[in-house]
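Kindly generate the complete structure, drawing on both the sequences and the hints.
Number of protein chains: 2
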Amino acid sequence: MTMTNEKALVDQLILFESHQSPFECAIRGIELPVIAEFEHDGGLSCPDFEITNRVVEADGADLTRDAFPNISRLTGNQVLTAVRSDVAPIGKRVAVLFSGGPAAGGHNVVAGIRRILGAGNTLFGVKAGPLGLMKGDCFEIGLSDVDAILNTGGFDFLGSDRTKIKTADDMARVLATVQKFKLDGIIVVGGDDSNTNAAFIADFLAPHGCGVIGVPKTIDGDLQVGDLVPISFGFDTATKIYSEIVGNILQDTPSSRKYWHFIKLMGRSASHVALEVALQTHPAVTLISEEIADKKLSLSQVVEQIASAVVSRAANGINHGVVLIPEGVIEFIPEIKALVRASNEFMAGDDVATASMAGRVEMFGKSLNSEMKTLFTGLPESIQTKLLMDRDSHGNLQVSQIPSEELFIELTEKRVAELDPGVKFAPLNHFFGYEGRCGAPTRFDAVYTYNLGLVAGALAVRGKSGYMAGVTAIGSGGKGIAIPLAGLITTERRSGGDHMVIKKALVELDSPAFKFFESRREAWARSDVFSSPGPRQLWGPLGNQVPMTVALNLGSESLSFLIGK
Amino acid sequence: MTMTNEKALVDQLILFESHQSPFECAIRGIELPVIAEFEHDGGLSCPDFEITNRVVEADGADLTRDAFPNISRLTGNQVLTAVRSDVAPIGKRVAVLFSGGPAAGGHNVVAGIRRILGAGNTLFGVKAGPLGLMKGDCFEIGLSDVDAILNTGGFDFLGSDRTKIKTADDMARVLATVQKFKLDGIIVVGGDDSNTNAAFIADFLAPHGCGVIGVPKTIDGDLQVGDLVPISFGFDTATKIYSEIVGNILQDTPSSRKYWHFIKLMGRSASHVALEVALQTHPAVTLISEEIADKKLSLSQVVEQIASAVVSRAANGINHGVVLIPEGVIEFIPEIKALVRASNEFMAGDDVATASMAGRVEMFGKSLNSEMKTLFTGLPESIQTKLLMDRDSHGNLQVSQIPSEELFIELTEKRVAELDPGVKFAPLNHFFGYEGRCGAPTRFDAVYTYNLGLVAGALAVRGKSGYMAGVTAIGSGGKGIAIPLAGLITTERRSGGDHMVIKKALVELDSPAFKFFESRREAWARSDVFSSPGPRQLWGPLGNQVPMTVALNLGSESLSFLIGK
Chain U
228 MTMTNEKALV DQLILFESHQ SPFECAIRGI ELPVIAEFEH DGGLSCPDFE ITNRVVEADG
288 ADLTRDAFPN ISRLTGNQVL TAVRSDVAPI GKRVAVLFSG GPAAGGHNVV AGIRRILGAG
348 NTLFGVKAGP LGLMKGDCFE IGLSDVDAIL NTGGFDFLGS DRTKIKTADD MARVLATVQK
408 FKLDGIIVVG GDDSNTNAAF IADFLAPHGC GVIGVPKTID GDLQVGDLVP ISFGFDTATK
468 IYSEIVGNIL QDTPSSRKYW HFIKLMGRSA SHVALEVALQ THPAVTLISE EIADKKLSLS
528 QVVEQIASAV VSRAANGINH GVVLIPEGVI EFIPEIKALV RASNEFMAGD DVATASMAGR
588 VEMFGKSLNS EMKTLFTGLP ESIQTKLLMD RDSHGNLQVS QIPSEELFIE LTEKRVAELD
648 PGVKFAPLNH FFGYEGRCGA PTRFDAVYTY NLGLVAGALA VRGKSGYMAG VTAIGSGGKG
708 IAIPLAGLIT TERRSGGDHM VIKKALVELD SPAFKFFESR REAWARSDVF SSPGPRQLWG
768 PLGNQVPMTV ALNLGSESLS FLIGK
Chain G
228 MTMTNEKALV DQLILFESHQ SPFECAIRGI ELPVIAEFEH DGGLSCPDFE ITNRVVEADG
288 ADLTRDAFPN ISRLTGNQVL TAVRSDVAPI GKRVAVLFSG GPAAGGHNVV AGIRRILGAG
348 NTLFGVKAGP LGLMKGDCFE IGLSDVDAIL NTGGFDFLGS DRTKIKTADD MARVLATVQK
408 FKLDGIIVVG GDDSNTNAAF IADFLAPHGC GVIGVPKTID GDLQVGDLVP ISFGFDTATK
468 IYSEIVGNIL QDTPSSRKYW HFIKLMGRSA SHVALEVALQ THPAVTLISE EIADKKLSLS
528 QVVEQIASAV VSRAANGINH GVVLIPEGVI EFIPEIKALV RASNEFMAGD DVATASMAGR
588 VEMFGKSLNS EMKTLFTGLP ESIQTKLLMD RDSHGNLQVS QIPSEELFIE LTEKRVAELD
648 PGVKFAPLNH FFGYEGRCGA PTRFDAVYTY NLGLVAGALA VRGKSGYMAG VTAIGSGGKG
708 IAIPLAGLIT TERRSGGDHM VIKKALVELD SPAFKFFESR REAWARSDVF SSPGPRQLWG
768 PLGNQVPMTV ALNLGSESLS FLIGK
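Same order as they appear, the protein sequences are chains U and G.
Per the numbering used here, residue 228 is the first one in the first sequence, and the count goes up by one each step.
Per the numbering used here, residue 228 is the first one in the second sequence, and the count goes up by one each step.
To be clear, the hints were calculated from the coordinates, so they are not data collected in a lab.
Just to be clear, a hint being listed does not mean it is correct.
To be verified - Far from chain G, by Cβ distances over 10 Å, these chain U residues were calculated:
no., residue
1, Leu240
2, Ile241
3, Ile317
4, Leu402
5, Lys523
6, Gly592
7, Gly605
8, Leu655
9, Glu719
To be verified - Lysine to aspartate or glutamate pairs mimicking DMTMM-like chemistry, simulated, CA-CA at most 25 Å apart:
no., chain 1, residue 1, chain 2, residue 2
10, G, Lys613, U, Glu572
11, U, Lys613, G, Glu632
12, U, Lys354, U, Asp374
13, U, Lys731, U, Glu749
14, U, Lys641, G, Asp617
The C-beta atom is built at its ideal place from N, Cα and C for all residues, glycine as well.
Below is the structure:
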């Protein structure tokens, strides 16, 4: 009897392999409501698009118009809005690709595109990103293929890559793929850089009759355009995954009563992730890179913030806490940037290579002005050594290579001991990044991306080009829109010349989300008032929530979203 | 208008602080079914307990009987089973404490105890574990207090600590607390060591009229007693949290197509956690410490397993994968233990302190026999250095201080390069531990612990002592039982003498769970057949699943559990 049962269970468990866990099977059936203009008689209907009066233009629009003459002229930098249509295009051939790091909901974008194209049009999947587009590595995606990927995490259905399509030769290869597959449209699912790239390709392909549409993806949340692009997809899922983990660790702190956890979170250019996780969980200290840059804080000022929280909590009998650190934080501290630059110059010197590490530390210290010398000599030995290690073939040390959580732990330890040697301080460190990119999407990301796919697919078969697909009015049913890519692009002066870019959306210090954080953080530092937002729920009374930062910045009445009915 | 809305949302968000997130508010309302014998007319009813014919005895029962004369005599090492009763005890005074690391469901144990005690009896919470018990740091827990902690994670309602109560003086302090609060019973919620400790206290307190009851807790899963204790509480939640994270990372690997993730999972003495996560997710390689020990594998044999998986997957075009590493794995490799022991002896030598690190490496190498020398010289420099660093005041280096995931990464890198220099191998490492101890309990852990609390509370007010509370028959409604603690205890020879212990339950190589793993792992290594079990769901069609290892080892027909109706 027992033997039979075991056998039966073993057989069940084998069936769970290859994305067939009970969870994966169940989520494929979650309902995905659809924006009104895309729905007809319970089925999908391909809308058309109308020009609105809303013009989008970034700084330096003249330069942008020169760089993107075709799409600037075609779009007039005007936003489009989806309107019902009785006639659906047929015979169109569209390709879709992922570009850059994965984000939850990518598969639903593909599913939305495939379904709005319907049986009358053809969709190709491009394997492994922009490089695959240049190679012409495409396969046809059938209508039934999307059933397997619906609501699942990851980008593995297509794969992705970070190649930039930029040279004339690159463009020629893309054109060859367009001609080989007779493409009418290409949809690029990616972040700010990938969407800039999409604009270049759109402009290049315009004379060849193939449109290019972007879809806003990035877990970092730094691709936002006011109410037009309230958030890039993947941010909600990633921050809810990190928030659960951080909430669990917070819950652990007063249980075990002895650790300070220093938690680094993904987000190099902007601190949206750290801010969102902070609002969800209320840890003792959260560093926001943009604030540090704005207030021109020195490293020791930042450390002082952490150390004083440690000391004042200890005075209240609390020897534990959590510090959230955005991945890119030390790149926002001007003196660190200067020190790394100085170390790069120093290491290029003639007599350095043969010197011992102790010799280098001494020589480098002497080469610095007194302010920088104080900074350098105050650093932990491991970081000093890191700064003065032989450079490998990749060239200069980057600020991002400094292990910031270790730096803050060591400096906080030192400072706490100075402030009050009696304080117990047992630090641990974590980095959460990859954990959040490929989880199954939250309900918001699932519905948002499916509708983004519908919009992108409809734009592609309607022959539009040079737009980013958008879903706006996420609290009141949703509206499908198209945002002119050239209108988002500006010129940024970087080392090595000017670059056309979509400006990264940073945490604004006068935004409602930051101001709310600012108004509460002292209370969060003083005592344990944290919360555990728990694992994201796909069923039941929860799971209908947009990110708190997004809701605050949109001026919403609640955290709920409503897309479709 | 916008201003008003923002204000309203801000006010809502402030209300989420201090464990009032929407998730935390909603989970408090989750229904907790109750074993039949504890239910009457829709309310709770305190059962009595009957002696069964089942006797529990570990190896060396004579020695145990001598060490625990009182509880051995009182319990006769016989299992008790709960039976309906019309008369509930009143006027009893019971204290509950957490001992050791937190595990999900601890709060529900307290809730179950409080509710089965009802208005007629008194429950005290002991603050901060065994040390709090010695200090007499107790507070009364009201019936309404449990509403706030129901189904929440963590041990923070009481706090915990790892103090061992062992000396006569310790026992006297416990007795003082018993007398001060006029306690009839003490409930110790803890792992194998804490339950052994509970047995000692039970035996000591027997003449003083205060009973002691244990409750089986530990996320490591190494406190199991066949069908009597199918699993310790907290294991299900911890492994489901780790499985989600590992599943997300697995999902990331074919999306970004470039990393090998080496993931260390909590579990020093046993590999139940790693095995469960492996069954849930199907990674390329999972190390099981017990198998390594049983087969007496050398470090290079273990590395060969990983490296050959890397190379053979690369041959199939797969340059990514996941390796699961139980926290304690290298403590199971005999030659590593021997090397660490040799390094401790070497470092105690006279002339070592003044030698440079390079000198130490050379001297130590020379001091070893040829086999050990090969092992040592084959180690990464960072590990060699670690072995020969000055010992601090804590004394000898412990095997556990060797960073095993780094060791395996470096050795795998080296071996892969030897096997095939053309293979791309980009490793990343993670450690997941604290993330899993304090999450909100799964449905299984929530219901299981609430019922464990009911059983423990009923045993305490019925004046029982020297038992561990148990819930068995978890697939068919549940039965409340009491397992005699002395029957679980055996004598273990350790360095420094004999110790009375509850033997840790290790992964048995002939268990159905391990055999299933063994039968599938080659398929998992060959290609990507992984699954994402997703975040644990508290509502909806899922969330009713026990751990796969538990279901397999119990010979269950399915993963579902049924406790109560």
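- prompt: Which numbered hints does this structure break?
  reply: Those not satisfied are hints 1, 2, 8, 10 and 13.
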